[in-house]
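Chemist: Residues per chain are reported as follows:
2 protein chains.
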Amino acid sequence: MTATIAETTDLTGQMLIAGALVSGTGDEIRGVDPAAGTPLEPAYRYGDDSHVDAACAAAAEAFGPYRATTSERRARFLEAIAANIEAISTPLIARAVAESGLPQARITGEVGRTTGQLRLFAAVLREGSWTGARIDPALPDRAPLPRPDIRQRSIPLGPVAVFGASNFPLAFSVAGGDTASALAAGCPVVVKAHDAHPGTSELVGRAIADAVAAEGMPAGTFSLLYGYGPALGTALVTDPRIKAVGFTGSRSGGMALVAAAAARPEPIPVYAEMSSINPVFLLDGALASRGSDLGRAFVGSLTMGSGQFCTNPGLVIAVDGPGLDAFVAAAREALEQSAATPMLTSDIAARYAAGVESLGAEAELVVRGAEGDGGGTCQAALFTTDAGRFSGSEVLQAEVFGSSSLIVRCADADEVKAVAENLEGQLTATVHADEADHEAAATLLPTLETKAGRILFNGWPTGVEVGYAQVHGGPFPATSDSRTTSVGARAIERFLRPVAYQDVPKGLLPSEIADGNPDALWRRVDGRLTKD
Amino acid sequence: MTATIAETTDLTGQMLIAGALVSGTGDEIRGVDPAAGTPLEPAYRYGDDSHVDAACAAAAEAFGPYRATTSERRARFLEAIAANIEAISTPLIARAVAESGLPQARITGEVGRTTGQLRLFAAVLREGSWTGARIDPALPDRAPLPRPDIRQRSIPLGPVAVFGASNFPLAFSVAGGDTASALAAGCPVVVKAHDAHPGTSELVGRAIADAVAAEGMPAGTFSLLYGYGPALGTALVTDPRIKAVGFTGSRSGGMALVAAAAARPEPIPVYAEMSSINPVFLLDGALASRGSDLGRAFVGSLTMGSGQFCTNPGLVIAVDGPGLDAFVAAAREALEQSAATPMLTSDIAARYAAGVESLGAEAELVVRGAEGDGGGTCQAALFTTDAGRFSGSEVLQAEVFGSSSLIVRCADADEVKAVAENLEGQLTATVHADEADHEAAATLLPTLETKAGRILFNGWPTGVEVGYAQVHGGPFPATSDSRTTSVGARAIERFLRPVAYQDVPKGLLPSEIADGNPDALWRRVDGRLTKD
Chain A
1 MTATIAETTD LTGQMLIAGA LVSGTGDEIR GVDPAAGTPL EPAYRYGDDS
51 HVDAACAAAA EAFGPYRATT SERRARFLEA IAANIEAIST PLIARAVAES
101 GLPQARITGE VGRTTGQLRL FAAVLREGSW TGARIDPALP DRAPLPRPDI
151 RQRSIPLGPV AVFGASNFPL AFSVAGGDTA SALAAGCPVV VKAHDAHPGT
201 SELVGRAIAD AVAAEGMPAG TFSLLYGYGP ALGTALVTDP RIKAVGFTGS
251 RSGGMALVAA AAARPEPIPV YAEMSSINPV FLLDGALASR GSDLGRAFVG
301 SLTMGSGQFC TNPGLVIAVD GPGLDAFVAA AREALEQSAA TPMLTSDIAA
351 RYAAGVESLG AEAELVVRGA EGDGGGTCQA ALFTTDAGRF SGSEVLQAEV
401 FGSSSLIVRC ADADEVKAVA ENLEGQLTAT VHADEADHEA AATLLPTLET
451 KAGRILFNGW PTGVEVGYAQ VHGGPFPATS DSRTTSVGAR AIERFLRPVA
501 YQDVPKGLLP SEIADGNPDA LWRRVDGRLT KD
Chain B
1 MTATIAETTD LTGQMLIAGA LVSGTGDEIR GVDPAAGTPL EPAYRYGDDS
51 HVDAACAAAA EAFGPYRATT SERRARFLEA IAANIEAIST PLIARAVAES
101 GLPQARITGE VGRTTGQLRL FAAVLREGSW TGARIDPALP DRAPLPRPDI
151 RQRSIPLGPV AVFGASNFPL AFSVAGGDTA SALAAGCPVV VKAHDAHPGT
201 SELVGRAIAD AVAAEGMPAG TFSLLYGYGP ALGTALVTDP RIKAVGFTGS
251 RSGGMALVAA AAARPEPIPV YAEMSSINPV FLLDGALASR GSDLGRAFVG
301 SLTMGSGQFC TNPGLVIAVD GPGLDAFVAA AREALEQSAA TPMLTSDIAA
351 RYAAGVESLG AEAELVVRGA EGDGGGTCQA ALFTTDAGRF SGSEVLQAEV
401 FGSSSLIVRC ADADEVKAVA ENLEGQLTAT VHADEADHEA AATLLPTLET
451 KAGRILFNGW PTGVEVGYAQ VHGGPFPATS DSRTTSVGAR AIERFLRPVA
501 YQDVPKGLLP SEIADGNPDA LWRRVDGRLT KD
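Protein chains in written order, with our numbering: chain A, 1 to 532; chain B, 1 to 532.
It is worth saying that the hints were derived from the structure and are not from the lab.
A portion of the hints provided could be inaccurate.
Said to hold, decoys possible - Under the rule of at most 30 Å between Cα atoms (straight-line distance), these lysine-lysine pairs were calculated in the DSBU-like manner:
hint, chain 1, residue 1, chain 2, residue 2
1, A, Lys506, A, Lys531
2, B, Lys506, A, Lys417
3, B, Lys417, A, Lys506
4, B, Lys506, B, Lys531
5, B, Lys531, A, Lys531
Kindly produce the complete structure, drawing on both the sequences and the hints.
Modeler: See below:
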């Protein structure tokens with residue numbers, strides 16, 4: 001069966017359940033080339049509840065043996081997935097470009113990002129601190145009562161449901177950050193593919209299934225389903241064998257999953273990365289010294305990938321004056337010259353157009369970008385308003401997914417701070433500041449910390465570095481769980497829970513917390529970090 | 001105002017809002033001596049929405065300056081609370097004994113546990129790893145794109161609502177583990193006192209308020225309210241300024257708070273420790289070698305504190321045979337001699353009686369303990385059933401808060417494992433095993449790991465050690481969030497979230513993640529732990 005999967009990169013139009021290719025039974029969907037508007041072969045049929053049941057049963061069966069594998073074996077498994085993806089990168093990039101309308105250079109970079117994420121988690125596994133090993137040795141002579149021996153390690157939650165995102169067909173999809181971190185933690189994964197890139201999903205799914213087989217992991221460690229979100233997606237999230245959910249997408253989609261998970265007899269955590277307008281604060285000194293440059297750079301960040309980033313700069317906040325005028329003038333000029341670029345799907349393009357119309361009803365238009373020659377493209381849009389109107393409006397604070405942004409002109413620094421304090425939770429907050437602005441920036445920083453998962457200076461939020469210190473998260477509604485990150489090494493923590501072992505006989509202790517530190521981990525012994 | 005609070009240990013019957021004594025406006029409650037059934041002076045009147053508003057407004061105002069204090073200052077603040085509690089220990093113990101009906105030795109121990117917890121978090125603050133400091137240094141020459149400088153630290157969530165528990169009037173109440181860990185994290189706390197011990201709550205609340213004043217913390221760092229759970233409690237959890245909730249109590253009470261928090265415009269985490277029957281597995285060798293001893297020790301754990309522990313052993317699972325017969329015979333004999341002891345409140349006693357009646361309708365009675373001479377006491381109860389009836393019954397799996405337990409007689413080890421696999425989530429799972437049982441224990445362990453927060457061998461679950469490695473938590477319904485612990489050093493993590501700082505100018509970085517490691521912390525630099 002594995003041979004069947006690996007033999008060809010031709011697409012089958014089938015789902016993957018525990019290593020087996022399985023045909024759907026429901027509605028037919030196809031990838032669509034958004035640039036040309038043409039449907040792509042093959043057709044994919046939606047799965048039904050029986051497929052959810054089969055995938056979850058296999059995941060539950062796989063969970064025990066999969067979580068019992070060593071960190072080293074799971075590290076090699078993740079590396080095998082990365083290698084399999086690289087081995088098919090030519091057809092994969094071609095298909096992802098065709099299905100997303102994103103430029104080839106961007107998709108090529110995303111392949112590197114996806115394999116880089118898998119290898120980061122391999123490194124996290126080998127380093128070993130993810131196990132959270134702690135030992136409080138027994139104190140048999142303590143009075144009035146002896147202290148027992150208590151040890152702690154983290155174990156995986158169980159099978160995880162992952163929902164592929166539209167806007168990163170590789171890095172936040174079938175083998176994206178959620179899948180990589182859940183597999184690293186020891187959780188089998190059932191992915192619901194995003195309708196916008198079914199072929200890309202199949203190719204990546206087969207790369208994972210091949211690695212499962214080649215590395216001798218249980219077949220149910222990975223499954224890939226296609227389906228209608230409110231039907232198959234809900235069935236997946238409410239299956240009792242699923243113990244956590246990773247999602248990147250819209251606020252309404254994320255909140256539907258959060259509600260479904262909370263209503264289960266056994267509620268489970270949902271990590272939904274949903275909605276953010278990513279405020280950019282332009283401080284006075286920076287505006288005065290480089291307002292025009294900032295305006296041009298801003299448009300570069302705003303229009304990249306048709307603005308289809310969770311971290312797109314949808315809000316600019318500054319004190320009114322000549323510096324801001326220069327910024328707006330430069331942005332206007334750059335936007336006027338910006339080409340209309342395809343959006344991921346016609347639905348997304350339609351929602352973008354509606355969002356821009358809503359903004360236009362409440363804010364003043366600065367400029368639109370070039371109009372496209374058909375439906376499905378993103379005509380950039382820049383609006384302006386004042387602080388009073390902004391803070392009083394839900395519409396002006398809502399995310400418009402695409403190259404649209406709103407400039408809030410403030411009377412003074414106090415009004416800037418008041419606007420910041422009224423913001424909802426955000427993935428990012430950006431500050432452009434010169435040396436002379438540092439005092440003002442210091443005043444703003446504590447507020448930004450309570451609003452955003454990442455604070456950046458003198459850059460643009462659209463690049464999200466994958467590393468050990470990254471946070472791609474933030475207070476609601478940016479995410480449904482501000483205590484976590486979906487990008488970077490700490491993403492693994494979302495799928496773990498601690499277990500304490502009290503007076504467990506030596507021969508029965510897991511190696512992470514065994515005497516003599518056989519795994520050579522950093523462990524916290526009596527509260528102190530040590531490798532002894 | 002502070003002088004007023006500190007001048008006297010006489011009880012005022014008032015709430016404490018940001019350092020001020022404030023009279024309630026609603027229904028009057030009193031502490032009740034459950035042994036004598038007599039109400040105690042003074043009366044306490046419930047607060048209303050205006051008191052919730054005042055406490056939350058003060059907490060929100062305090063949040064900024066409070067979280068800006070150094071770890072060292074917050075450590076000293078926690079130590080000052082502990083010292084203040086010790087300074088009033090004589091009247092405090094007397095009042096807590098009177099209000100709870102618990103023995104003086106137990107309450108004296110609980111004072112030590114409470115101050116010990118506060119000092120543990122002082123040590124956690126000084127050690128500094130709670131800050132989660134991480135640095136991925138810039139790589140300006142990286143191709144194709146330079147890497148920015150990204151640093152991460154954890155910051156507190158914001159004001160926290162804490163609900164005092166009935167069964168630990170000190171250690172899980174006003175200055176209990178939730179309050180200590182939230183204050184350590186940098187979160188102001190608003191406590192809703194439990195009706196069962198209003199005087200104890202006032203004494204401890206004043207100890208905290210005095211420490212707030214003496215250590216120069218913002219007044220709103222701490223408030224103490226009295227109120228009806230479904231009214232004032234709900235108002236507190238749904239106040240937009242509250243950012244997390246700590247609760248220990250019943251499943252219905254916890255789930256009501258979870259639902260209220262999830263329905264907020266901005267949902268917030270609720271850490272509810274709710275319901276656990278704490279299965280005890282008696283393996284064959286242990287039963288054969290020491291069945292009678294285990295039976296007697298089991299009754300000691302079962303009847304301690306009238307069984308009013310979250311970790312009370314409410315379920316015993318073993319293979320039928322002479323060893324289990326010896327266990328049951330010894331337990332019967334010990335239970336027959338067990339005195340009826342007062343329960344915390346007459347409500348709890350009534351719910352206990354109803355729970356025992358429910359069990360009796362579905363399981364076979366082994367023995368009851370001595371009958372009390374009035375209402376309000378706990379008459380211990382031991383039942384038995386077989387595996388088939390147990391696994392088919394919700395009633396037999398439900399927690400009965402008090403000295404009641406159920407023995408499940410299994411046909412063989414496979415049936416024991418099947419019973420384990422059908423259990424709901426638990427705070428603890430206990431195994432009694434001799435050397436010869438280790439293979440059987442190893443077979444059972446992976447199942448127990450997925451069911452419980454703490455696994456203990458050859459002991460009893462009722463003692464919960466406070467330390468670095470402890471887990472007092474577990475899968476639903478033991479808690480509403482299995483990823484956390486409410487006891488031990490890691491409890492602080494419940495009130496933190498990570499923030500990333502990208503290319504933030506040196507002068508604006510928090511000291512935890514500043515160059516040169518001025519706080520001398522263990523930090524993760526490029527993924528490696530170091531103190532450099």
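Chemist: Mind checking the alpha carbons of B:Lys506 and B:Lys531 for me, to see if they're no more than 30 Å apart?
Modeler: 19 Å, holds
Chemist: CA of B:Lys506 to CA of A:Lys417, is that 30 Å or under?
Modeler: Given pair B:Lys506, A:Lys417 holds - Cα atoms ~22 Å apart, limit 30 Å.
Chemist: Check the hint pairing B:Lys531 with A:Lys531 against an upper bound of 30 Å on the C-alpha distance.
Modeler: 14 Å, holds
Chemist: Do the alpha carbons of A:Lys506 and A:Lys531 lie within 30 Å of each other, as the hint requires?
Modeler: 19 Å, holds
Chemist: So if I understand the rule, the pair passes when the alpha-carbon distance is 30 Å or less; does B:Lys417 with A:Lys506 pass?
Modeler: 22 Å, holds
No hint from the list above goes unmet by this structure.
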